[in-house]
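Chemist: Sequence:
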Amino acid sequence: MSLFGCVVVGPPGAGKSTMCAGLCRYHALSKRPVALVNLDPACEGEGLTTFAIDVRDFCSVDRAMAEQGLGANGALLFCMKELEQSTWLRDEVEKLAVDECFPYVIFDLPGQTELFTHDGSLRRILDDLKRTFDARLVAAHLVDVAHCGVPSHYVAACLLSLTAMLRLELPHINVLSKVDLADRYELAMNLEFFKDARELHRIVPFCGVRPRAPEPVAGDAAAGDAARYNERLQKLTGRICELVDDFGLVCYQPLDVSDGDSVARLVRMLDKANGHPAGVHAPAALVEDATDLFLLHKGGRPMPWDPESDDAKLDDRVRAFADADEAARAAPPRDRTYRTHAPRAPAASGGGEEDGAFSWYS
1 MSLFGCVVVG PPGAGKSTMC AGLCRYHALS KRPVALVNLD PACEGEGLTT FAIDVRDFCS
61 VDRAMAEQGL GANGALLFCM KELEQSTWLR DEVEKLAVDE CFPYVIFDLP GQTELFTHDG
121 SLRRILDDLK RTFDARLVAA HLVDVAHCGV PSHYVAACLL SLTAMLRLEL PHINVLSKVD
181 LADRYELAMN LEFFKDAREL HRIVPFCGVR PRAPEPVAGD AAAGDAARYN ERLQKLTGRI
241 CELVDDFGLV CYQPLDVSDG DSVARLVRML DKANGHPAGV HAPAALVEDA TDLFLLHKGG
301 RPMPWDPESD DAKLDDRVRA FADADEAARA APPRDRTYRT HAPRAPAASG GGEEDGAFSW
361 YS
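End of the sequence shown = 362 in UniProt numbering, gap-free, step of one.
Be careful, since some hints might not be right.
Stated by the list, open to error - The calculated DSS-like cross-link candidates involving lysine-lysine, where the alpha carbons are at most 30 Å apart (straight line), are: (1) Lys130 - Lys95; (2) Lys81 - Lys95; (3) Lys130 - Lys81; (4) Lys31 - Lys235; (5) Lys130 - Lys31; (6) Lys95 - Lys235; (7) Lys81 - Lys31; (8) Lys81 - Lys195; (9) Lys272 - Lys130; (10) Lys195 - Lys235.
Claimed, not checked - Label-pair distances were calculated between CB atoms; the ranges are: (11) Phe247 - Asn190: 33 to 41 Å; (12) Asp134 - Ala156: 31 to 39 Å; (13) Glu242 - Phe58: 41 to 49 Å; (14) Lys130 - Gly74: 23 to 31 Å; (15) Thr163 - Asn190: 38 to 46 Å; (16) Arg202 - Asp57: 47 to 55 Å; (17) Ala227 - Tyr185: 21 to 29 Å; (18) Asp91 - Tyr229: 34 to 42 Å; (19) Asp91 - Glu114: 37 to 45 Å; (20) Pro205 - Arg131: 44 to 52 Å.
What the hints contain is simulated information worked out from the structure, not anything from laboratory work. Here the structure is a predicted model, which is why all the values come from computation and not from measurement. Quick reminder that beta carbons are idealized off the backbone N, C-alpha and C, glycines included.
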């Protein structure tokens, strides 16, 4: 059977690990086996959920720096080239199959953009997986909504998204992450403009250097320099906007990883992009059920359920899920069916009465 999966890319701090944890959570609640693969040799800690495969078991940036005398970026490129020339990843992915069926595989990639803008190792690694396992992969490129607060940064992010689409050559979805924080930023346009990424020339007049205090007086050399810089910056930004608009490929799917509906929409788009049969033929009731359970578990811990609480605003259908979920947590471990990791990975454990319950921080 073909391997279906998602390749999560984006600059550091865009929310890749949080999105991966949210996707694992949603798939688990949908009763879809899922495995998270860490392909970042510089990753620190254990992440927000259990890794089924961790590239640091094969090579890490720290070891490469110590043994090869390289800097951080050079060590990262060295690790990716070593991974490309080895069969380690192929062998580990093959172990994920159960009865010749693979779980849905989510690849968490490093944030360094040079891995797909200047170097071909990452693309060749993905191509090898596609050839070996008939892998149907879709790329999700994340952009932090904070960039929308600085128009020139947003235009640069659009250019980076376009570069990722052209270099990776995978079915591609651009994601505008952390949209629940959009209200914190002063946006030059409404959020719909930044989601659609059309007619980008409209944002060019907002690109420039904001005046610093104290305000330069008229005729001051500093004021003249700032004006000339703004003019050149707007001219360059305008050219980049024309380039992005000419391709007409860039638009963004907003994501609030704490909102089950938002995650459900993204999962449906990912499934449609790579043709996952569970996504194409999933009944609407299943999607709604998983969304409600996602909201019920919001925050990474089982939500305490008090049917007499005045704060309980769930309808009868969600109340039924709460009762069923409470029974599942009280059942013996062998009866629990939620799986957020590969079959061979250790099960999540919260300890005590919540042992076996899902947690992002297991």
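Chemist: Each hint should be assessed against the structure and marked as holding or not.
Modeler: Do the hints match the structure? See the list:
This hinted pair checks out: Lys130 and Lys95 have alpha carbons roughly 16 Å apart, not beyond 30 Å. Simply put, Lys81 and Lys95 have alpha-carbon atoms about 22 Å apart, close enough for the 30 Å limit, and the pair holds. For the proposed pair Lys130 and Lys81, the alpha carbon gap of about 18 Å is at most 30 Å, so the pair holds. This hinted pair does not check out: Lys31 and Lys235 have alpha carbons roughly 52 Å apart, beyond 30 Å.
Taking the CA atoms of Lys130 and Lys31, the gap is near 25 Å; set against the 30 Å cutoff, the hint holds. The straight-line distance between the Cα atoms of Lys95 and Lys235 is roughly 53 Å, outside the 30 Å bound, and the hint therefore fails. Simply put, Lys81 and Lys31 have alpha-carbon atoms about 36 Å apart, too far for the 30 Å limit, and the pair is violated. For the hint pairing Lys81 with Lys195, the CA-to-CA distance comes to about 35 Å; that exceeds 30 Å, so the pair is violated.
Between the alpha carbons of Lys272 and Lys130 the distance comes to roughly 18 Å, so the proposed pair stays at or under 30 Å and holds. Of the pairs offered as hints, the one joining Lys195 and Lys235 holds, with about 23 Å between alpha carbons and a cut-off of 30 Å not exceeded. Restraint check, Phe247 to Asn190: a C-beta distance of roughly 23 Å breaks the suggested window 33 to 41 Å. For Asp134 paired with Ala156, a C-beta distance near 36 Å keeps the hint of 31 to 39 Å intact.
Checking the proposed 41 to 49 Å range against Glu242 and Phe58 shows it holds: the Cβ atoms sit about 43 Å from each other. A C-beta distance of roughly 28 Å is found between Lys130 and Gly74, which places it inside the suggested range of 23 to 31 Å. Here the CB-CB span from Thr163 to Asn190 is close to 26 Å, at odds with the stated 38 to 46 Å. The given range of 47 to 55 Å is respected by Arg202 and Asp57, whose C-beta atoms sit roughly 49 Å from each other.
For Ala227 and Tyr185, the hinted distance range of 21 to 29 Å is satisfied, since their beta carbons lie about 26 Å from each other. Distance hint for Asp91 and Tyr229: a CB-CB separation of about 53 Å, inconsistent with the stated range 34 to 42 Å. Between Asp91 and Glu114, the C-beta spacing of about 27 Å breaks the proposed range 37 to 45 Å. The hinted range of 44 to 52 Å is satisfied by Pro205 and Arg131, whose Cβ atoms lie roughly 48 Å apart.
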